[in-house]
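Each protein sequence line maps, in turn, to chains A and B. Going by the working numbering, the residue at position 459 of the first sequence is 459; the numbering climbs one at a time, nothing skipped. Going by the working numbering, the residue at position 263 of the second sequence is 1263; the numbering climbs one at a time, nothing skipped.
No wet-lab data here; the hints were simulated from the structure. All C-beta atoms, glycine included, are put in the ideal place defined by N, C-alpha and C. Be aware that one or more of the hints could be misleading.
If you want the footprint, here are the derived chain B segments under chain A, 3+ residues with CB under 8 Å [what the hints assert, rightly or not]:
no., segment
1, 1190 to 1197
2, 1368 to 1379
3, 1447 to 1453
Computed cross-link-like contacts, DMTMM-like style, restricted to lysine to aspartate or glutamate with a CA-CA straight-line distance of at most 20 Å [what the hints assert, rightly or not]:
no., chain 1, residue 1, chain 2, residue 2
4, A, K190, B, D1174
5, B, K1454, A, E212
6, A, K18, A, D174
7, B, K1024, B, E1212
Number of protein chains: 2
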Amino acid sequence: MAEVESIRPFGPARSTVKGEPLSKEEIELYNDFFKASCYLSLGMIYLKENPLLRDPLKGNHLKTRLLGHFGSALGQICTYMHFNRPIKKHDLNAIFISGPGYGAPAVLSQSYLEGVYFEKFFKSFSFPSGIGSYATPETLGSLYECGELGYSISHAFGTVFNSPNLIALTIVGDGEAETGHLATAWHSNKFLNPIVDGAVLPPYFVEGDDIETMHQAMAATLEHCGWTGPRKVDNNYLAGFWRAHQVPITDPATNPQHLKILEEWMRSYEPDRLFDESGKPIPSLRALCPDSNRHMSVNPIANGGQLRKPLKMPNFKDYAIKFLWDVIAANQTNFRLFGPDETESNKLGGYFEEDENGGNLAKAGCIMEMLSEHTCEGWLEGYILSGRHGLLNSYKPFIYIIDSMVNQIEKRLKVEWRYKVASLNILLTAVIWRQDHNGFTHQDPGFLDVVANKSPEVMRIYLPPDGNCLLSVMDHCFRSINYINIIMSDKQKHLQYLSIDAAIMHCTKGIDISTYESLAAIDLLLQHFPELKICCVNCVDLFKLIHPGDHPHGLTDKEWMVHRLTYRRPGSKNLHVRGYKEKGNIDTPLELAIRNQTDRFSLSIDAIDWMPKLHNRGAAAREAMLNAQIAARNQAFETGMDSPFLKNWTWKRNGQWNKVADGLASR
Amino acid sequence: MAEVESIRPFGPARSTVKGEPLSKEEIELYNDFFKASCYLSLGMIYLKENPLLRDPLKGNHLKTRLLGHFGSALGQICTYMHFNRPIKKHDLNAIFISGPGYGAPAVLSQSYLEGVYFEKFFKSFSFPSGIGSYATPETLGSLYECGELGYSISHAFGTVFNSPNLIALTIVGDGEAETGHLATAWHSNKFLNPIVDGAVLPPYFVEGDDIETMHQAMAATLEHCGWTGPRKVDNNYLAGFWRAHQVPITDPATNPQHLKILEEWMRSYEPDRLFDESGKPIPSLRALCPDSNRHMSVNPIANGGQLRKPLKMPNFKDYAIKFLWDVIAANQTNFRLFGPDETESNKLGGYFEEDENGGNLAKAGCIMEMLSEHTCEGWLEGYILSGRHGLLNSYKPFIYIIDSMVNQIEKRLKVEWRYKVASLNILLTAVIWRQDHNGFTHQDPGFLDVVANKSPEVMRIYLPPDGNCLLSVMDHCFRSINYINIIMSDKQKHLQYLSIDAAIMHCTKGIDISTYESLAAIDLLLQHFPELKICCVNCVDLFKLIHPGDHPHGLTDKEWMVHRLTYRRPGSKNLHVRGYKEKGNIDTPLELAIRNQTDRFSLSIDAIDWMPKLHNRGAAAREAMLNAQIAARNQAFETGMDSPFLKNWTWKRNGQWNKVADGLASR
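When you get a sec, could you build the whole thing from the sequences and use the hints?
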């Protein structure tokens, strides 16, 4: 034990909140509880046999592959167990959100002591298809921690929004705190509304490693926090408490001295006294846990589908544009719209107005904006996973900033035994095809590439071509459960093709009608090749294209089929898809200007010398290039239309759009 | 003007550094420079004709689509122009890194005043294939800002690492500061080494909007910073300075009153006096700029390929494992290894040792670790874009956290007129196929999906199957320029298939040999179907599979062809690829235990009641399930081998691996 004890850096507890609420007997009880928790954590990491150390420890009792981070367990255990006291005393509704990586031993030890797990517990830890070494989606009381670090704070806030009586006891890992996801989520406290969400108290600090004073300090701090209702206690004071953060002794199976140290260490937690022969904790320990309806390890909030109430849905057929507005107004404690500072830019700014009936929509904070895709997505996840509904609106070119988060929640939504939560809805605007003014860097469809490879049971992609179709799709998405719905709809003004009834029909069929430029292209084709027969298909539900064996929305072979998505389709060879392709080269601005015959700017000789391609052409040639003056062709831009095709179409067929809107099939 | 002036929130300058270094005449000169800069910024946003306002402003002089964020321009202009003073005075080598979104008017106005751009300047701004409204990759002096916010701090630090004489003048946007990328990058200052990188001074604050005192304060502050050599000045004090952050007046073309206000506003900057008839700034303004070799707008650092020196490369054929160690040791000021806290875990920990010759490798900080993929990637980008070499090592399951950043630098590397920089090398370990202990959430190959769609000229994917092949691939990647090399190599111990010479041959061919499980699968197949003819192909260079028309590494049709990648290949129908497929369902832990006949844990009745699938089966059934005890089959795990296939193979063919390593083709 000397090796372990020698590195204690702290000593007696120092804490913000003073007090000694525990009696001598209670300190002993909590000390036992802490010992039992530590014992269980070590047992999960090391033991596959001899779980209670009733026999001397031998190398063959040990697991071969040692996993789990012991260093991150102690602080979490100490926080969890001491918060059980205020839970019992004040009948609090609390959930535990574990941020540190591979910290499952902490959570699982508490779950075991609450009586949720029993038998074969050590052996199953971190074993393929057993219990994960971090709080996996399958971990019962976990809101979810997924291996990718950084979600804890935004998830915690998402969980307590509109849940004034819920306490999210949140542990932030020291490594996690360095991630982009977490670093920006600290702003979340600015978004808590004291009326609908309750207040957040300033953090309280507890540090030390002297067991008795630590129990007093933790009990005093957490009782104070619990009674006054904070939403957060963050805590990583245990860094450095033991020598190693992960597995403290890595070679006990082969090093007899280390095996001896490990055995002494484990026995110091007194498993003989604290667990009965069957491995159950002794009654005095169980008595420190709340009643089962208040166990943090099985709080219904962490299985939020159980609490989900359907949205009150206005009839979308009655609406032109203000549908979302009324969805928000009718569900002020059950729906939120999140967005990274683009809500106004994305033409949803109308929703910021005050309710004309004098309501407190603005105060209730149903629309939340912060320029962090990570935090907005995390908020939305916490909000829906705890049983509510929501929508993230963002900008298609940069949504792939959070594609890893979408990947992770997709995995959570697939845990079949959980109650179904509301769908995670993402509305993407500013499609990549209309980024000619922003240019190359705003052009990337990579997010859909990622999404298209995800599980058919969870992923949905909708591409409504006009406002009425968008209404129909949004209505469907808000009513749906347990999907990730990606809805893409450009924010610029567009033509209206379909009446509301036609739109419903088209969206139900999933595959129909058309978009601007394809129509304009058809017009040009028909001018030049009048004998051509053209059928223009717009796909609202992208997964209609896949084989029905691979996605439940897939049409049967008789009905329809696009290359990669249409693999296994008859006739797929006759179909050619022209999608986004990364440009090969970017020329100098000057060369571009010459090639495109456009009216551009000039560069100084100094600047041109700075470019290797031009540097070698000689001063005269460079001078000549420099002075090249080219005629302008800025027409399309000046009209405000990005697309010359569209301009041509409207000039050619002015007034004809209404007819097309009646139904393309009739052409 | 009243509308503009009425919202000034600040008043006279308040600043950390006091002083009045400017004479009355100098204040007037800098005021003129500031006016000219503001005028150019407004002109870029609004004007397509009548650029110098020699005629009264009319609606048809205005652009139809107004783009550019004026609000973010003023602070940047003020910082840039006042830093020209210390640059001139002390002959400083400085680069300007612009973080705020759509802030190009600030940078471009300075570039114009330095004489780098001239003619047709306003008209080309934010026009398709013209000058971008943010500091695009094409923007001359831009290290690069790409629309996706958040890169400025990590890029700035990457640029000054091992550049003790360089000053990166960095502007952080207020929106940018909320992004995950930026929020975590503030830790970068902890990583600057005062010996090799120089020191960073604490930030200095300047705020106010009274022009004269602001000029004095900015001059005093920046002269102080410049003289003492800071690396950063961050500055977003202008938020709120004008009413609007983006385009301040949005409807001057249709609102005559607003047109009048705009004209008065623009004329207040005195374009008649500050620009000659051809639009050139008057000589007294040009005199405030540094000589052309010190212009921040064309600093060679921002075109870092110009400064790139090849690495000193040891002969990799002489090495077993320590190759990378010696690359680092031989290039201590020209190479860095970056990683998100996984360098030790990824078996590169040996590199942390002290140089045995007593060198100061550790002090020089050639290996940098922080648990932020965003910051590590940003550092690497800044480091190579400013002319050096580096490697990011990370963990395949979570590399897609930064796939948006990889997408963006790919676009930068394609700007053909820039000097070529060293390749961006990413070494990925912990492949998804070996995540059975971590489970489902660590399994996702989405990063390669994204990368495989990127430009063939830039993207390279290498999958070396053993250590010698890895050496050969790394040697190639470190010598290469202007690529993004993704190298995937599992961190666990593996079999060695090839001698070093065979490895070079195989890696040069790009497509050859095999991996563990496919070999084991072949063995099983041959046991059960001895008549089968099997050819096992391992692909080191993934792009060998694409048609040569689509990627320069593509093999010709005679040589070879995998489904999506082999589109257009003859015989592609006979090839079946079995890749990663997201699992359909996750069962309850209990059901999994029953199905897999494994020895798992049990759950309490409370916990089972919490799962809707089990809740409805009745107490007796639940009790029965709860008590189900199943025999164990933990063999594979206990051996330390994850793969039962592998175990079978080594048992069946013990000792045969060497023969296979001599060349699979001979089977």
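Against the structure, the hints:
Check result for the segment 1190 to 1197 of chain B against chain A: violated, 0 residues qualifying (beta carbon to beta carbon below 8 Å, three or more required). For the segment 1368 to 1379 of chain B, the stated coverage by chain A is satisfied: 6 residues place a CB nearer than 8 Å to a CB of that chain, which reaches the threshold of 3. Here the segment 1447 to 1453 of chain B counts 3 residues with a CB under 8 Å from a CB of chain A, which clears the bar of 3, and the coverage holds. Note on K190 of chain A and D1174 of chain B: the hinted pairing holds, with a Cα-Cα distance of about 16 Å set against a maximum of 20 Å.
Taken as a hint, the K1454 of chain B and E212 of chain A pair is broken in the structure, with Cα atoms around 59 Å apart against an allowance of 20 Å. Pair hint K18 of chain A plus D174 of chain A does not hold up; C-alpha atoms about 25 Å apart against a cutoff of 20 Å. With a C-alpha separation of about 9 Å, the suggested pairing of K1024 of chain B with E1212 of chain B holds against the 20 Å cut-off.
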